[in-house]
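Visitor: Chains A and B, in that order, are what the protein sequence lines are.
Residue numbers for the first sequence, in our numbering: 38 to 413.
Residue numbers for the second sequence, in our numbering: 38 to 413.
Among the hints, a few may not be true.
A pair counts as met if it fits within one copy or between any two copies, since identical chains are not told apart.
List of simulated lysine to any residue pairs, SDA-like, C-alpha gap at most 20 Å [what the hints assert, rightly or not]:
no.: 1; residue 1: K339; residue 2: G308
no.: 2; residue 1: K339; residue 2: S46
no.: 3; residue 1: K113; residue 2: S268
no.: 4; residue 1: K113; residue 2: Y303
no.: 5; residue 1: K42; residue 2: G308
no.: 6; residue 1: K339; residue 2: Q302
These are computed hints drawn from the structure, not numbers from a lab.
Number of protein chains: 2
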Amino acid sequence: MSTTKLNVSRRIRATPYKSCVESHGVSGYSVVNHTVLPKGFRKTVEEDYWHLKKYVQIWDVGCQRQVAISGHDAAKLTQLMTPRDLTNATVGQCLYAPMVDEAGRMLNDPIILKLAEDCFWLSIADSDVLLWAKGLAVGMQLDVQIHEPDVWPLSIQGPLSDDLMEKVFGRVVRDIRFFRFKTLRFEDFDIIVARSGYSKQGGFELYLDKPERGAALWDALWTAGQEFNISPGSPNLIERVEGGLLSYGNEMNMENNPLECAMDQYCQLDGSIDFIGREALRLIQRTGPQQLIRGVIFNGEKCPPCQSPWPILRDGVMVGQVTTAIWSPRFENNIALGMLERNHWQAGTEVTVQVEDGSIRNGMVTDLPMIDHCTG
Amino acid sequence: MSTTKLNVSRRIRATPYKSCVESHGVSGYSVVNHTVLPKGFRKTVEEDYWHLKKYVQIWDVGCQRQVAISGHDAAKLTQLMTPRDLTNATVGQCLYAPMVDEAGRMLNDPIILKLAEDCFWLSIADSDVLLWAKGLAVGMQLDVQIHEPDVWPLSIQGPLSDDLMEKVFGRVVRDIRFFRFKTLRFEDFDIIVARSGYSKQGGFELYLDKPERGAALWDALWTAGQEFNISPGSPNLIERVEGGLLSYGNEMNMENNPLECAMDQYCQLDGSIDFIGREALRLIQRTGPQQLIRGVIFNGEKCPPCQSPWPILRDGVMVGQVTTAIWSPRFENNIALGMLERNHWQAGTEVTVQVEDGSIRNGMVTDLPMIDHCTG
Numbered sequence: 038m039s040t041t042k043l044n045v046s047r048r049i050r051a052t053p054y055k056s057c058v059e060s061h062g063v064s065g066y067s068v069v070n071h072t073v074l075p076k077g078f079r080k081t082v083e084e085d086y087w088h089l090k091k092y093v094q095i096w097d098v099g100c101q102r103q104v105a106i107s108g109h110d111a112a113k114l115t116q117l118m119t120p121r122d123l124t125n126a127t128v129g130q131c132l133y134a135p136m137v138d139e140a141g142r143m144l145n146d147p148i149i150l151k152l153a154e155d156c157f158w159l160s161i162a163d164s165d166v167l168l169w170a171k172g173l174a175v176g177m178q179l180d181v182q183i184h185e186p187d188v189w190p191l192s193i194q195g196p197l198s199d200d201l202m203e204k205v206f207g208r209v210v211r212d213i214r215f216f217r218f219k220t221l222r223f224e225d226f227d228i229i230v231a232r233s234g235y236s237k238q239g240g241f242e243l244y245l246d247k248p249e250r251g252a253a254l255w256d257a258l259w260t261a262g263q264e265f266n267i268s269p270g271s272p273n274l275i276e277r278v279e280g281g282l283l284s285y286g287n288e289m290n291m292e293n294n295p296l297e298c299a300m301d302q303y304c305q306l307d308g309s310i311d312f313i314g315r316e317a318l319r320l321i322q323r324t325g326p327q328q329l330i331r332g333v334i335f336n337g338e339k340c341p342p343c344q345s346p347w348p349i350l351r352d353g354v355m356v357g358q359v360t361t362a363i364w365s366p367r368f369e370n371n372i373a374l375g376m377l378e379r380n381h382w383q384a385g386t387e388v389t390v391q392v393e394d395g396s397i398r399n400g401m402v403t404d405l406p407m408i409d410h411c412t413g
Numbered sequence: 038m039s040t041t042k043l044n045v046s047r048r049i050r051a052t053p054y055k056s057c058v059e060s061h062g063v064s065g066y067s068v069v070n071h072t073v074l075p076k077g078f079r080k081t082v083e084e085d086y087w088h089l090k091k092y093v094q095i096w097d098v099g100c101q102r103q104v105a106i107s108g109h110d111a112a113k114l115t116q117l118m119t120p121r122d123l124t125n126a127t128v129g130q131c132l133y134a135p136m137v138d139e140a141g142r143m144l145n146d147p148i149i150l151k152l153a154e155d156c157f158w159l160s161i162a163d164s165d166v167l168l169w170a171k172g173l174a175v176g177m178q179l180d181v182q183i184h185e186p187d188v189w190p191l192s193i194q195g196p197l198s199d200d201l202m203e204k205v206f207g208r209v210v211r212d213i214r215f216f217r218f219k220t221l222r223f224e225d226f227d228i229i230v231a232r233s234g235y236s237k238q239g240g241f242e243l244y245l246d247k248p249e250r251g252a253a254l255w256d257a258l259w260t261a262g263q264e265f266n267i268s269p270g271s272p273n274l275i276e277r278v279e280g281g282l283l284s285y286g287n288e289m290n291m292e293n294n295p296l297e298c299a300m301d302q303y304c305q306l307d308g309s310i311d312f313i314g315r316e317a318l319r320l321i322q323r324t325g326p327q328q329l330i331r332g333v334i335f336n337g338e339k340c341p342p343c344q345s346p347w348p349i350l351r352d353g354v355m356v357g358q359v360t361t362a363i364w365s366p367r368f369e370n371n372i373a374l375g376m377l378e379r380n381h382w383q384a385g386t387e388v389t390v391q392v393e394d395g396s397i398r399n400g401m402v403t404d405l406p407m408i409d410h411c412t413g
C-alpha cells in the first residue's frame with residue numbers, strides 16, 4: 038500500500054492541531070518542511086474526493102511554513118527570488134510565484150503574501166527557502182530580516198466554505214476576493230484569512246500566529262461546520278490531479294524550469310524586472326521548453342501510488358514520465374500528471390505508461406486542468 | 038507508540054537499497070533531507086543496541102545527502118560556511134563541522150569530505166544546505182559549482198566492521214584511519230569508503246555513486262557478514278544518547294549556537310580564519326554560552342519518545358529541556374540529551390523532568406558522552 042510507519046521525534050515537528058487530528062482518527066502522515074502533514078482519516082481517498090466537492094473540509098496544513106522577509110530591501114530581495122512581476126502587487130494580495138536559481142531551476146513555488154510594502158511572507162512548498170533567502174541576503178549584504186514566524190496555516194476547503202466561515206467570522210469573509218487576504222477577529226485576537234488553498238473547490242487559508250489557540254480555532258470551525266457536514270481532510274490526490282495542481286518535489290524539482298512547468302504566465306521575461314535566473318529563462322524561452330507538464334489518462338485496474346517516476350512511451354520510445362497517478366472515480370480511469378517531451382505533449386496523443394507494478398497501460402495525453410477540458 | 042503511518046510519494050525519495058531493507062522486513066521510517074531513513078527492523082531498539090555493540094550492522098543512510106562544492110572558490114566558500122578551521126585539512130580527510138548563519142545560529146552539522154583542493158562534499162543532516170551554499174555563491178558572485186551528486190551512503194557499524202569490510206574490499210580497509218577516506222574498488226567500479234559513522238562502535242561509510250548497483254553492494258556486504266552475525270539496522274537511539282551524538286533538528290536547531298552545543302573545539306574564533314557569523318560567535322564566547330547540551334539520567338518506568346521538548350526543573354524552576362530520551366538497558370534508567378541553563382549544567386545537579394505522559398521524574402545531569410563518565 039501507499040503507507041508505511043513514520044517514526045516521530047522533535048525534528049519532525051507536530052502542529053498546534055495535533056490533538057484535533059488525532060481525535061478525528063488520523064491514520065497517515067506525510068512530512069513537509071520538517072513538519073507533519075496529516076493525510077488519512079476515516080474516509081477513503083475516493084469518499085474524501087466526493088465529500089470535498091460537495092461540502093466543506095478542515096485541513097491541518099501547518100506544514101505550509103512561512104518565510105518572513107522584512108526591512109528596507111525586502112521588496113528587492115523578494116523580487117530577485119521570482120520571475121513573477123511583483124511591481125504592481127498590492128498589500129493584501131496573494132501571489133503564486135515560481136522561485137528559481139541562477140540557472141532558472143525551480144527551487145519552490147510558494148504563495149507570496151504581501152503584508153506591507155516592506156514585508157512579505159512566502160508560504161512555501163517542501164524546501165528550505167529560508168536558507169536560499171538568507172544566503173542571498175548575506176551574500177548581497179541586503180538590509181533585510183528573514184525568519185520563520187510561529188505561524189500555522191489551517192485550511193477550509195469545499196463549496197460550503199463561505200457559509201461556514203461566515204458563521205465564525207461574519208459576513209466580511211464573503212468580501213475577501215480570490216487570492217486576497219484580510220485580517221479578521223477571532224475571539225480576542227487577529228488572524229490573517231486568505232481566499233486560497235490547495236484545491237479547486239474554493240475556500241480559505243487561516244494563518245494562525247497563536248499556536249496555543251490552535252485547538253480553539255479548530256473547534257470553533259468544527260462546531261460551526263456541523264450543519265454543513267464538515268469533515269477533517271487533507272489535500273486530495275484525485276482532486277489535485279484533475280485540477281492540475283502541481284506539487285513541488287513530485288511534479289517538478291531542481292531539474293525543471295518554470296516554463297516546462299507551464300508557468301509562463303508567472304514569468305516576466307521582457308527585461309522590465311530584475312531577478313536571479315532571468316537570462317537563463319530567456320534562453321530557454323527563445324527555443325521553447327523541451328518538455329511540459331501535462332495530464333495523462335490511462336486504463337486498467339486501479340494503479341498503485343507513484344513512488345518514483347513511471348516511463349511514458351510512444352511507439353516503444355520513452356517520451357516522458359508520470360510523477361503522480363491515482364484512480365479517478367469520475368473518469369472511471371487512472372489519471373496522472375507528468376512531463377511529456379516536446380513533440381509528444383499534444384492532447385490526444387496516444388501513449389503507454391509503465392506502471393511500477395510491472396503492468397503496461399494504454400493512455401492518452403490531456404490538457405490541464407483535466408476537469409475543464411475532458412468532461413466539460 | 039512512537040510510530041504512525043507515512044504516506045509515500047516521489048517527493049519523499051526512496052534509496053537504492055529499498056528492495057534490500059524491504060526484504061529484511063523494515064517496519065518504520067523517518068524522513069531526512071526529503072529521503073526515507075529506514076528505522077525499524079525485526080529487533081526491538083534494545084535488542085538492536087546490544088547487537089550493535091557486539092557484532093556488525095548494515096544501515097541504509099542514503100538520506101545523508103551530499104552538497105558538492107567545486108571550482109576556483111570552493112575552498113573559500115566552504116570555509117565561509119563553518120567556524121571550523123579548514124586551513125590544514127588534507128585531501129582524504131573527513132571533518133565534522135558546525136555550519137552557522139550570520140548570527141552564529143546552527144544551520145546544520147555536516148561531515149565535510151575534502152575530495153580535492155577545489156572540491157568538497159558536505160554530508161549533511163536534515164536541512165537544505167544546498168540552498169544556503171547557492172544563495173551565498175550567487176550573492177557573492179563566487180566561482181563555484183554546487184550540486185547534489187547522485188550519491189547514496191551506506192553505513193557499516195559495529196566492532197566487527199573491519200573484519201567484514203576486509204572480506205569485501207581487502208586488507209586495505211584496515212589502513213583507513215579514523216575520519217579519513219580512501220577510494221576502493223568494488224567489482225568493476227570505485228567507491229569512496231570513510232572510517233566514520235553515526236555510532237561510537239566503529240565502522241565505515243560507503244559513498245555509492247552508482248545507485249543501480251545499490252542492491253549488489255548491499256548483497257555483497259550482507260553475504261560476507263553472515264559469519265559475523267550481521268543485521269540490518271539504523272542509528273540506534275540508546276547508543277546515540279549514551280555516546281552523546283547530537284541530531285540536528287532534535288538537540289539543536291536555528292535557535293542554538295555551536296558554543297551551547299559543546300562544539301567549542303570546532304570553532305576557531307581567534308580571527309585567523311574568515312567565516313560568516315564570526316563576530317556573533319566571538320560575542321557569545323566573551324560572556325560564555327547561556328546554556329549547554331548535557332546528559333540527563335532520570336528514573337521511573339520506560340519513558341515515551343520525546344516528540345516536543347520536556348521541561349527540566351530544579352527546585353520547581355525551569356532550567357532546561359530534554360530533546361531526546363529513551364530507556365537504557367545498560368543504565369537501567371531513562372537517559373536523555375537536553376539543554377541546561379548556565380548555573381544548572383554541572384554533572385550531578387539534581388533535577389526533575391516533566392515527561393509528556395504527564396509524569397514527573399527525578400533525575401541528574403551528566404557529562405557527555407555518558408558511557409565514559411558514568412559507568413567507566
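Visitor: Each of the hints needs a verdict: does it hold here or not?
Guide: Evaluation of the provided hints:
1. K339 / G308: neither (47 Å within a copy, 63 Å between copies)
2. K339 / S46: Answer is between; shortest inter-copy Cα gap is 16 Å, intra-copy 34 Å.
3. K113 / S268: neither (42 Å within a copy, 54 Å between copies)
4. K113 / Y303: Within. Shortest intra-copy distance 17 Å satisfies the 20 Å Cα cut-off; inter-copy 36 Å does not.
5. K42 / G308: neither (49 Å within a copy, 48 Å between copies)
6. K339 / Q302: neither (34 Å within a copy, 57 Å between copies)
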